[in-house]
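*Asks:* Spelled out, the chains give:
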Amino acid sequence: MTKEVFGLSPSRRAVLKGAGAGLLAAGFVAPVWAQSAPIKLGFQLHRTGIGAAYGRWYERTAQAALKVINDGGGINGRPVEILFEDDGTDPKRGAEVVEKLVSQAGCDLVFGPLFSHVVIGTAPRAAELKVPYLVCSEGYHVASGMLNRWTMQPGITDVRAQVSSMAPWVLANLGKKVTMVFPDYAFGHDHRDFFTAAVEAGGGQVIAQVAIPPTETSFTRYMPQIPADTEVLYHVMVGPAVLTFVKELGEFYGSGARPEIFGFIDSLEAVDTASPGLEFLEGTHFWEGHNRVKQADASDHETAYRAAVGVDDNGASISDAKDVSTYAHMFSVWETLHVIKAGMEASGYQSTADRQKFVEAVEAMTDMPASLAHVQGDKRFNGKTHQVFGHQFISKVEGGKLIRAHTTSLEDGMYPDAVDYTTQSF
Amino acid sequence: MKRLAGAFMLLPGAAFACALPPSVILTLPTGHYITGAAITVAITAVMGAVADRLPRMNAVEVMERRILLPVSVSSYLSFLCFCGLVLIGVFGARDPMHNLMTLVFWTGVWIVVPIGSVLFGNLWRSINPWTAPVRIMRTLLGRTGTAGLSRFGHWPAVALYAGFAWFQIVSLSPDDPYELAVLAMAYWLVIFVLAVAEGEEWLGQGEFLTVFMGYLAKVAPFWLELSGNRARLMRGWPGTQILAMPPLSVSAMAFITLALAALTFDGLAETFWWQGLIGENPLEPTGRSAVMLVNTFGLIGVWAMTISTIWAVVRAGQIISGKRFAPGPVMLSFLAIAAGYHAAHYFVTLLTVGQYTLAALNDPLFRGDEVLGLPPFYVSFGFLTDSRIMPLIYGVQFAAILGAHILAVLLALRLVGTDTRAAAHLPMTALMVGYTVLGLWLLSTARSG
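Line order of the protein sequences matches chains A and B.
FYI, the numbering for the first sequence is 62 to 487, going by my numbering.
FYI, the numbering for the second sequence is 3 to 451, going by my numbering.
Some hints could be false.
[As the list claims (entries may be wrong)] Not close to chain B: a few residues of chain A, all C-beta gaps over 10 Å, as computed:
no.	residue
1	Gly149
2	Asp333
3	Asp384
4	Ala422
5	His467
[Claimed, not checked] Partner residues are not named here, just some residues of chain A that face chain B (Cβ under 7 Å, in silico):
no.	residue
6	Asp147
7	Leu304
8	Thr305
9	Lys462
I should point out that these hints are in silico values taken from the structure, not numbers from a laboratory.
Values in this document were obtained by computation on a predicted structure and should not be read as measured data.
Heads up, the beta-carbon is just placed ideally off N, CA and C, and yes, glycines get one too.
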C-alpha cells in the first residue's frame with residue numbers, strides 16, 4: 062500500500078541512472094530485513110481541499126524519501142512504512158486523522174501537514190495522544206510557543222525567519238523605500254509585520270502598505286496607491302488571480318520606469334515563471350526556500366534528490382515540463398523524514414513506549430550539515446523552540462528562469478527564543 | 003534585535019500561503035464570451051418562436067441485432083465489481099487517490115458514466131448493480147408482486163438524491179474510502195431490499211442513480227431500444243428521445259429541479275462570491291467542517307430558488323399565452339441543461355482525478371503492475387496553468403453549456419408548441435439566457451477549489 066506510487070517511468074529510470082553515486086549504490090544493495098515489524102509513520106496529507114496542490118507534491122516527495130531510507134537499510138534496521146491519510150485541509154479532520162493514524166493504525170508518529178490552521182487545530186490532539194507531531198508548515202506558530210512539547214518543525218524554516226532574513230539584502234541592493242502589496246489576511250499580515258519590522262531595524266522605510274481584500278480578482282484600482290517614489294515593490298499576492306495581478310501591474314507601469322520588484326515565490330509556487338503573461342516579472346527578484354532551477358553549483362545531494370522525486374532541472378515533473386513542483390517547500394518533507402530517522406536512531410527507538418525519548422533526541426539536535434538528508438542545505442535546530450533555521454535564497458528572473466542572486470546566512474533569520482518547550486512536561 | 007523581538011511577542015502563528023494555482027481563465031475576456039452566448043441563446047429562441055420553423059427531430063433506426071450481453075449478466079458482473087470496490091474501500095489504502103473505491107465512484111460512476119450516457123445512451127442500464135441481484139432474489143423467493151412503493155412516484159429518488167447531494171457537496175469527508183464504502187454498501191442494501199419487495203422496474207423511479215442516468219441519457223443522439231432478445235440501435239438529434247417522453251409527474255419534476263440545483267450549488271459553493279457571502283476567506287478557507295451548516299442551507303436555498311424560478315416562468319408563460327399548458331413537458335427541456343452542465347462542470351475533475359483512477363486501475367495494488375498495459379506514469383497537472391491548454395478546456399465547457407441551452411430552448415419551443423403566441427415564450431427564453439450566463443459564470447469566476 063505504501064510502496065512506490067506509480068512506479069518509475071522509463072525516463073525516470075534514465076534520470077536515476079545519472080543520479081548521485083551514493084543513492085545509486087544504495088539502490089543496488091537490496092536491504093535484507095530481519096524478522097522485525099516495520100516502523101509505521103503516519104502522514105497527515107492535504108489530499109483534498111485547498112491544500113491539494115501542495116499535498117500532491119508532498120506525497121510524491123515522501124514516497125521518494127521513503128524509498129531512499131528503505132534502500133539504505135530503514136530505521137534501526139527495520140523497514141519503514143508510511144500510511145497516508147487525507148485531512149481535507151480541515152482542522153477538525155486533521156485532529157481525527159491523527160487519532161486514526163495513532164489509535165487505529167498504530168503509527169509511531171505523525172508528520173507532514175503544512176497548512177497553519179490545520180496544524181494549529183491538530184497539534185493539541187497530538188499532545189493529548191502523546192505522539193510526536195512533526196509539521197512542515199513554515200508557520201511561526203511552533204517557535205512562537207503556541208503549540209506544545211510534542212509538536213516540532215525540524216524540516217523547514219519558519220516564515221518569520223524567512224521574511225526577516227530578506228530585509229538586509231533587499232535594502233542593500235534594491236532600495237530603501239519599500240511599498241508592500243499583500244492580501245489582507247493572516248498570511249499577508251505576517252509578511253507586513255515581519256518585513257516592516259526588519260526594514261525599520263535595517264534603516265529602511267516602508268512608505269506604503271497596500272492591503273488587498275482576499276476576494277478581489279482585479280487590482281487595477283489599487284495600483285495608484287503605490288507611491289511614485291517607491292524604490293522596492295514587495296508583493297505576496299496568492300491565489301487564482303495572481304496572473305491577473307502581474308498582468309495589471311505590467312499595464313500600470315507600461316514600458317516606463319518601474320521600481321525594483323521583490324516577491325515571495327509562494328505567489329508562483331507550482332507555476333512556470335516562463336509562462337506567457339508573466340513577462341513583466343523578468344528582472345525581478347523572489348524569495349525561494351529551495352531553488353527550483355538547478356543552479357550551476359548544485360551539490361550531488363541536490364541532484365540525487367531531484368532524480369528521486371522525479372523533478373527536472375527546471376523544477377518541473379520529469380514527465381511533464383509544465384507540471385512545476387512546489388519546490389520551495391516540499392524539501393521539508395524529505396528532510397523531516399530524515400530527521401525522524403536520525404531521531405529514532407539516536408534514541409534507540411523500539412516501540413511507541415519510546416516516543417518521549419524520540420522527542421528528546423530531536424530536541425538535542427543542533428547542527429545539521431548539508432547531506433542527502435538535508436538537501437536544501439545545512440541547518441541549525443533550536444531544541445528549545447522546536448524550530449529549525451536554514452539558508453534562504455533570493456533569485457532573479459533571467460530569461461524566465463529563477464537564478465540565485467543571494468544566499469542568506471543562518472544568522473540572518475535568527476531571533477530570540479519566545480519559548481522553551483523543553484521545560485514543559487510531556 | 004531586541005526591538006524586533008518585542009514586536010513579535012504577541013503575533014499569532016503565521017498562516018501558510020494559499021495553494022490555489024493561478025487561473026489562466028481569469029485572464030481571458032470571459033465576460034465577452036458569456037455575453038455572446040447569452041445573445042446566441044436569445045436569438046435562437048426568438049427566431050424559433052417567430053419563424054415557427056424548428057429542426058425536425060426524428061428517430062432513425064441504425065441497426066437491429068440480438069442482444070449480445072444480457073443485462074442479467076452485465077449487471078451481475080457489475081455487482082461483483084461493486085462488492086470488490088467496497089472491500090477495497092474498507093480494507094485498502096486510506097489515501098483516497100490510491101483507493102479504487104473513491105476513484106471509481108467519483109470519476110467513473112459519477113463522471114464517466116453520466117457523460118458517456120449523454121453521448122452514447124444509457125450506459126447505466128447495463129451496469130446497474132441492482133438489476134441482476136434483484137431479479138435473482140425475486141426468482142428465488144418466487145416473488146412477483148409489488149409492495150406499493152410505486153405510488154410514491156419519484157419521491158424516494160428525490161429524497162435519496164438530496165441526501166447524496168448533501169454528502170457530496172457539504173459533508174466532511176465524501177472522499178474517504180472507508181466512509182464511502184460503508185455508505186455505498188448500506189445504500190445498496192436498502193435499495194436491494196426495496197427493489198426485491200417492489201420489483202426491478204421500481205429502480206427507474208426510486209433509485210436516484212438509475213433515475214439520474216436515465217434522464218441524462220434522454221439527451222443522447224444514440225440509444226438502444228430493447229424488446230425481448232432484440233436490440234435496436236437508434237439515432238436522432240440530441241433531445242429526440244425527450245420529445246417522445248410522457249409528461250413528467252410532480253415528483254419527477256422535483257427530481258430534475260434538484261439535479262439542477264445540486265449541480266449549481268456544487269459550482270457556486272467554491273466561488274469567491276459565495277465564500278465572501280458566508281464570511282470565509284477564499285484564499286484560505288477553513289475547510290468543510292466550518293461551513294457544513296451554512297452550506298446545508300445554501301443547498302436547500304438554491305433548490306428552493308430553482309423550483310420557484312422555474313415555476314414562476316412556467317406560470318408567466320401560461321398567463322401570457324392564455325393557455326394552461328401542463329408544466330410537465332416543458333420541464334423535460336431542462337434535462338438538456340442538466341446534462342450539459344454535468345459534463346462541463348466535471349470535465350476538469352475528469353482530467354485531473356481521472357489520472358489517479360487510470361493509474362490505480364493500471365496498478366491496483368501499487369506494486370508496479372501494468373494491468374492496462376500502460377507504463378507507470380506520474381499524475382500530471384501541468385495543463386492547469388498552461389495558457390494554451392486552459393482556454394481550450396474552457397472552450398469545451400463553453401460549447402457544452404451553450405449547446406445544452408440552445409437545445410433546451412428548442413425543446414421548450416417544441417414541447418410548449420409553436421401555436422402559442424410568440425410572446426408566451428419570453429419568460430422561458432429569459433430563464434434560459436439566465437441559466438446560460440450562470441453556468442458560464444460558474445465555470446469562469448474565481449474559485450477556491
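*Asks:* Could you tell me which of the hints above the structure violates, numbers in ascending order?
*Replies:* Per hint list: 1, 2, 3, 9 violated.
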